Amino acid sequence: GENVEQHPSTLSVQEGDSAVIKCTYSDSASNYFPWYKQELGKRPQLIIDIRSNVGEKKDQRIAVTLNKTAKHFSLHITETQPEDSAVYFCAAPEGGSEKLVFGKGTKLTVNP
Amino acid sequence: TAGITQAPTSQILAAGRSMTLRCTQDMRHNAMYWYRQDLGLGLRLIHYSNTAGTTGKGEVPDGYSVSRANTDDFPLTLASAVPSQTSVYFCASSPSSGNYGYTFGSGTRLTVV
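Residue numbers (this note's numbering), protein chains in the order written: chain V, 11 to 122; chain U, 29 to 141.
FYI, nobody ran anything at the bench for these hints, they're computed from the structure.
The model shown is predicted, which means the values in this text are computed figures rather than measured ones.
Where hints are given, some of them may not hold.
[Said to hold, decoys possible] The list that follows gives simulated cross-link-like pairs (lysine to any residue, SDA-like), each with its CA atoms no further than 25 Å apart: (1) V:Lys117 - U:Asp66; (2) V:Lys117 - U:Ser38; (3) V:Lys68 - U:Pro123; (4) V:Lys114 - U:Thr37; (5) V:Lys47 - U:Thr82; (6) V:Lys117 - U:Thr48; (7) V:Lys114 - U:Asp66; (8) V:Lys52 - U:Ser38; (9) V:Lys52 - U:Thr82; (10) V:Lys114 - U:Arg72; (11) V:Lys47 - U:Thr37; (12) V:Lys47 - U:Gly91; (13) V:Lys114 - V:Arg61; (14) V:Lys32 - U:Thr48; (15) V:Lys81 - U:Pro36; (16) V:Lys114 - U:Asp54; (17) V:Lys32 - U:Gly68; (18) V:Lys52 - U:Ala97; (19) V:Lys114 - U:Arg56; (20) V:Lys114 - U:Gly91; (21) V:Lys52 - U:Thr52; (22) V:Lys117 - U:Asp54; (23) V:Lys52 - U:Gly81; (24) V:Lys52 - U:Asp54; (25) V:Lys67 - U:Thr37; (26) V:Lys67 - U:Gly91; (27) V:Lys81 - U:Gly70; (28) U:Lys85 - V:Lys68; (29) V:Lys81 - U:Gly91; (30) V:Lys52 - U:Gly31; (31) U:Lys85 - V:Pro103; (32) U:Lys85 - V:Ser107; (33) V:Lys32 - U:Asp90; (34) V:Lys47 - U:Val88; (35) V:Lys117 - V:Ala39; (36) V:Lys52 - U:Gly44; (37) V:Lys52 - U:Pro89; (38) V:Lys67 - U:Val140; (39) V:Lys114 - U:Glu87.
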């Protein structure tokens, strides 16, 4: 089945700096890669996703890049703000299905 | 407001007791999922349903059962709770048919003592 590894587990940056979180996946058939943001005590919410037919997608200060050959994808947050502090999860579908396998999460702290 | 509703928000349950966590969505999504979230382990799939009338096992199904009698409801039952089932449980749904976008419920925090 699909295996998703996420690094780092914790990340601390200064406000205004960039943050990068990386994930690797094992199933070469996977074709959809979402990122979720979970604030403390809240539900995970989709912030950006990418499909396998593109290499990069941007939405204001966040972007996701995909390298299908190497089977990894990354979340990039620029000009970080304190409200970006949260746990971020990557995911990939399992075995061509629509069941998502999640990484273990990255706790991002943006220091003012 | 359209979305997905979970109940209860939190519960303390004595070991050995049974409990049903409720999940209802009004988006007419075909697929529904139950995940548990534990510190350091992320979100792990318990059971899923691709469409009404069908269910399947996820990564950690032992001790849990589900049913999908209709499109909207997907209850999760713990027949005889154990302390290792202490966790935060999230229900999610997606339109399926190639659209993977998950919508999560607000979660149920369960403590088994």
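Hints, one by one, checked against the model:
Between Lys117 (chain V) and Asp66 (chain U) the alpha-carbon distance is near 14 Å, which keeps this suggested pair within the 25 Å criterion. With a CA separation close to 24 Å, the supplied pair Lys117 (chain V) and Ser38 (chain U) stays within the 25 Å bound. Between the alpha carbons of Lys68 (chain V) and Pro123 (chain U) the distance comes to roughly 24 Å, so the proposed pair stays at or under 25 Å and holds. Annotation: proposed proximity of Lys114 (chain V) to Thr37 (chain U) holds, straight-line Cα distance about 23 Å (limit 25 Å).
At roughly 30 Å between alpha-carbon atoms, Lys47 (chain V) and Thr82 (chain U) are farther apart than 25 Å, so this suggested pair is violated. Only pairs whose Cα atoms come within 25 Å are accepted, and Lys117 (chain V) paired with Thr48 (chain U) is rejected, the gap being roughly 31 Å. For the given pair, Lys114 (chain V) sits about 9 Å from Asp66 (chain U) by alpha-carbon distance, which is consistent with the 25 Å threshold. Annotation: proposed proximity of Lys52 (chain V) to Ser38 (chain U) holds, straight-line Cα distance about 13 Å (limit 25 Å).
Using a Cα cut-off of 25 Å, the hinted pair Lys52 (chain V) and Thr82 (chain U) is violated, with the two alpha carbons roughly 29 Å apart. In summary, the hint linking Lys114 (chain V) to Arg72 (chain U) is supported, as the alpha carbons are separated by about 9 Å, within the 25 Å threshold. Simply put, Lys47 (chain V) and Thr37 (chain U) have alpha-carbon atoms about 20 Å apart, close enough for the 25 Å limit, and the pair holds. About 29 Å separates the Cα atoms of Lys47 (chain V) and Gly91 (chain U), which puts this hinted pair outside 25 Å; it is violated.
With a C-alpha separation of about 21 Å, the suggested pairing of Lys114 (chain V) with Arg61 (chain V) holds against the 25 Å cut-off. Using a Cα cut-off of 25 Å, the hinted pair Lys32 (chain V) and Thr48 (chain U) is violated, with the two alpha carbons roughly 37 Å apart. Of the pairs offered as hints, the one joining Lys81 (chain V) and Pro36 (chain U) is violated, with about 39 Å between alpha carbons and a cut-off of 25 Å exceeded. This hinted pair does not check out: Lys114 (chain V) and Asp54 (chain U) have alpha carbons roughly 29 Å apart, beyond 25 Å.
In summary, the hint linking Lys32 (chain V) to Gly68 (chain U) is supported, as the alpha carbons are separated by about 17 Å, within the 25 Å threshold. At roughly 28 Å between alpha-carbon atoms, Lys52 (chain V) and Ala97 (chain U) are farther apart than 25 Å, so this suggested pair is violated. Of the pairs offered as hints, the one joining Lys114 (chain V) and Arg56 (chain U) is violated, with about 29 Å between alpha carbons and a cut-off of 25 Å exceeded. Between Lys114 (chain V) and Gly91 (chain U) the alpha-carbon distance is near 22 Å, which keeps this suggested pair within the 25 Å criterion.
Our distance criterion of 25 Å between C-alpha atoms is met by Lys52 (chain V) and Thr52 (chain U), whose separation comes to about 18 Å. A hinted pair counts as satisfied when its Cα atoms are at most 25 Å apart, and Lys117 (chain V) with Asp54 (chain U) does not qualify at roughly 32 Å. The suggested pairing of Lys52 (chain V) with Gly81 (chain U) is violated, with an alpha-carbon distance near 30 Å, which exceeds 25 Å. Restraint check for Lys52 (chain V) and Asp54 (chain U): the C-alpha separation of about 20 Å stays at or below 25 Å, so the hint holds.
Taken as a hint, the Lys67 (chain V) and Thr37 (chain U) pair is broken in the structure, with Cα atoms around 35 Å apart against an allowance of 25 Å. Restraint check for Lys67 (chain V) and Gly91 (chain U): the C-alpha separation of about 40 Å exceeds 25 Å, so the hint is violated. For the suggested pair Lys81 (chain V) and Gly70 (chain U), the alpha carbons sit about 20 Å apart, so the restraint of at most 25 Å is met. A threshold of 25 Å between alpha carbons decides the hint, and for Lys85 (chain U) with Lys68 (chain V) the separation of about 35 Å lies outside it, so the pair is violated.
This hinted pair does not check out: Lys81 (chain V) and Gly91 (chain U) have alpha carbons roughly 34 Å apart, beyond 25 Å. For a cut-off of 25 Å, the pair hint linking Lys52 (chain V) to Gly31 (chain U) stands: about 15 Å separates their Cα positions. A distance of roughly 15 Å separates the Cα atoms of Lys85 (chain U) and Pro103 (chain V); the hinted pair therefore holds under the 25 Å criterion. Between Lys85 (chain U) and Ser107 (chain V) the CA atoms are separated by roughly 13 Å; this keeps the pair inside 25 Å, and the hint holds.
Between the alpha carbons of Lys32 (chain V) and Asp90 (chain U) the distance comes to roughly 31 Å, so the proposed pair goes past 25 Å and is violated. With a C-alpha separation of about 23 Å, the suggested pairing of Lys47 (chain V) with Val88 (chain U) holds against the 25 Å cut-off. A C-alpha spacing of about 28 Å is found between Lys117 (chain V) and Ala39 (chain V), which places the hinted pair above 25 Å, so the restraint is violated. Straight-line distance between C-alpha atoms of Lys52 (chain V) and Gly44 (chain U) comes to about 29 Å, which puts the hinted pair past the 25 Å bound.
A threshold of 25 Å between alpha carbons decides the hint, and for Lys52 (chain V) with Pro89 (chain U) the separation of about 24 Å falls inside it, so the pair holds. Between Lys67 (chain V) and Val140 (chain U) the alpha-carbon distance is near 43 Å, which puts this suggested pair outside the 25 Å criterion. The suggested pairing of Lys114 (chain V) with Glu87 (chain U) holds, with an alpha-carbon distance near 14 Å, which does not exceed 25 Å.
Violation of the numbered hints given earlier is confined to hints 5, 6, 9, 12, 14, 15, 16, 18, 19, 22, 23, 25, 26, 28, 29, 33, 35, 36, 38; the remaining hints are satisfied by the structure.
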